[in-house]
Amino acid sequence: MAAGLRVGILLVAIAAAFAASKALDYSLTDANGKTHTADEIQHYKATVLLFVATECPNANTYAPVLARLYREYSARGVLFLAVYSDPADNAAAVQKHDADYRIPYPGLLDPNQTLARQTGARSTPEAVVLSPGDEVLYRGRVDDRFVDLGKTRFRPAHEDLREALDQILQGQPVKNPVTKVLGCAIPGVN
Amino acid sequence: MRPTIFLSIFGLATLAALPVTAGETDSQAAVPTFNRDVAPILYNNCSNCHRPGEVAPFSLLTYEDAAKRAKQIAAVTQARFMPPWKAEPGYGHFLNERRLTDQQLATIRDWAAKGAPEGDPNQKPVPPKFSNGWQAGDPDQVVAMSQPYSLAAEGPDVFRCFVIPLDAKEDEYVSQVEFRPGNRRVVHHSILFLDNTGQARRREKVPGQGYDCVGGPGLAIAGGLGGWAPGATPMQFEHGIAQIVPKGSDLVMQLHYHLSGKPEEDLSQVGIKFSKAPPVKGLTLLTVGNASIDIPAGENQYVVKASATLPMDAEVIGVFPHAHYLCKDMKVDAKLPDGSVQPLIWIKDWDFNWQGSYRYVSPIKLPKGTEIAMQYTYDNSTANPRNPSNPPREVKFGEQTTNEMAFTFVQVTLDSPGLVADFQRDANAQFLAAVLDGVLDSDELGPQQKTQMKMLLNIFDKNRNGRIDPDERPALVEFLKKMPLR
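Chains as they are written, first to last, in my numbering: chain A, 7 to 196; chain B, 627 to 1112.
In short, the hints are calculated from the structure, not lab data.
The beta-carbon is built from N, C-alpha and C at its ideal position, and this holds for glycine as well.
A portion of the hints provided could be inaccurate.
[What the hints assert, rightly or not] Derived SDA-like pairs: lysine to any residue, alpha-carbon spacing no greater than 20 Å straight-line:
hint: 1; chain 1: A; residue 1: Lys157; chain 2: B; residue 2: Asn979
hint: 2; chain 1: A; residue 1: Lys157; chain 2: B; residue 2: Pro1014
hint: 3; chain 1: B; residue 1: Lys694; chain 2: A; residue 2: Tyr76
hint: 4; chain 1: B; residue 1: Lys697; chain 2: A; residue 2: Ala94
hint: 5; chain 1: B; residue 1: Lys697; chain 2: B; residue 2: Lys740
hint: 6; chain 1: A; residue 1: Lys157; chain 2: B; residue 2: Asn1029
[Stated by the list, open to error] Computed beta-carbon distance windows for the label pairs:
hint: 7; chain 1: A; residue 1: Ala94; chain 2: B; residue 2: Gln825; range: 45 to 51 Å
hint: 8; chain 1: A; residue 1: Ala94; chain 2: B; residue 2: Pro782; range: 49 to 55 Å
hint: 9; chain 1: B; residue 1: Ala732; chain 2: A; residue 2: Ser80; range: 20 to 26 Å
hint: 10; chain 1: A; residue 1: Asp172; chain 2: B; residue 2: Gln835; range: 39 to 45 Å
Construct all of the structure, not just a fragment, from the sequences and the given hints.
Set out below in structure tokens:
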């Protein structure tokens, strides 16, 4: 009971901290050399930053799932950006990876981990959903297929990122704004 | 600001609870470094898989490789998720045990907590040299899938049996087997069977493309050539022991694939070494288990018990426990005629994805009359995330992912090859008697087999409860022993 309350308070505190952190400030190039800045975000109903890594198997497993979410939700005014925050993931590595995994949205190179630090992302694959005014509306997993180290569900019981996007597009608060990610640590940040 | 305050309070509480450490210099000296303390652990236990081109993600060969993932390495080793090793210490002493000691875990944990220091450059160890070819030397025969098998980007795991002719003109004696996964991103494990009946070939509708097989190859097998999971070493028999490959046998290579997120192809290989001289010992299997599995939906503590008796003196050289996704705990003991108990294996957190053959460091001598007893526990509740059905459904014996199994394959050697036929006659009779009442509903049985099984049940099920009870079994076993071997 006490532990539950404490975790509850902590989550509220973390959520409050996210709500307060509005100042995203970055200028990063994607693997094809195009520059992306924080200004881009204000033109979309929501922006999904997908922290991924070329070598993380859990993140790679989601490639087809994320491509479907992209096709569905980019048509409804949502911007999708992958973010590679491991310096080892350079332009050539990301280009090859995104071609291999048929990733349809841009992959931002974040070798200095600017975006990872500004959003507080710690793992891959971690989704951070931003409002046009760069408030963090959702942070966490794509779905709950990975339960624990070595424990995987046959099929996800909750598609958390999809549910969050639906709630955001309906103008509702996100019911579960923070979920646990099981994947790979972003080197140096975690 | 608020989270900072909360974290500070927790931080202070933690600090206050810590004992006061001795002088600064002492604690400095105690900080583990990569060069002196951590590298030897990684090189001996991790780098064989965690290196470029190998099965695991993230190379762990250099300081930079390891330091940037220090906290994750500490977390997965602490949880004993890595290195993957499922057998509990004290229940069998196995070859190739990949289990870190508590001391090694503490070293990695302290190293990560202190910022993963590299340490004295003079102590920098040389990364091990790994062979990129066959680990156990060039084989006498290399066989492979006849064509690449294509896998989709996503979906449920794929279980496929590929049939590969071995072209043996005479019976051959296999002394060593090494499996080499073709595509290390997708191959999760492999089990190698032998078929000398042509059944597997008939099941493969498109030659080279294999057939679906989850629990096993779905046919009577003429033997096995071991298995492979990441980290496994080649199977090598001791001098004088060999797996006989009957002439004309096919290798049935069962492959378990995890899909990777992109379309993939696999072409896996097996390298075999033969012994010219015939074996001086007999090599065979005792299969323990039963098929009377009926797990109610929601049941989280369903126990299956089974046993088989050694018909003659034998030495156990390996054990291969097998169940599907609901099983959580497996314990196998040898109960000797003198009343003593020799534990064979205990797996507390069974994971279908990490099944494999466990081979003993030294053979375990067991006298005739020893009972090999197994107890497996299953969790068919929603609390088991691996449950294939959500909400849970009643689960019975069968080959499919949504069915369950309860088998222990015990690999034994006998004093001479001539004893194998007698051993198998007895072992097969015990096996058939154990599974008889459970397999009658199985789709795997043909109509003729079902009729025969029902006749046997009618004769030996004296109390007409539809089951072969323990007191009814000996008569059935005796009857089956006298039946001609198929």
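Evaluation of the provided hints:
Proximity of Lys157(A) to Asn979(B) is assessed by CA-CA distance (about 10 Å); at most 20 Å being required, the pair is judged to hold. Pair hint Lys157(A) plus Pro1014(B) holds up; C-alpha atoms about 12 Å apart against a cutoff of 20 Å. Between Lys694(B) and Tyr76(A), the direct Cα distance comes to roughly 31 Å. Violation of the 20 Å bound is thereby established for this hinted pair. Of the pairs offered as hints, the one joining Lys697(B) and Ala94(A) holds, with about 18 Å between alpha carbons and a cut-off of 20 Å not exceeded.
Between Lys697(B) and Lys740(B) the CA atoms are separated by roughly 10 Å; this keeps the pair inside 20 Å, and the hint holds. At most 20 Å may separate the alpha-carbon atoms for a hinted pair to count; Lys157(A) and Asn1029(B) meet this at roughly 19 Å. The hinted range of 45 to 51 Å is satisfied by Ala94(A) and Gln825(B), whose Cβ atoms lie roughly 49 Å apart. A hinted range of 49 to 55 Å for the beta carbons of Ala94(A) and Pro782(B) is inconsistent with their spacing of about 32 Å.
For the hinted restraint 20 to 26 Å between Ala732(B) and Ser80(A), the CB-CB distance of approximately 49 Å leaves it violated. Against the hinted window of 39 to 45 Å, the Cβ-Cβ separation of Asp172(A) and Gln835(B) comes to about 41 Å, which satisfies the hint.
When held up to the earlier numbered hints, the structure conflicts with 3, 8 and 9 and fits the remainder.
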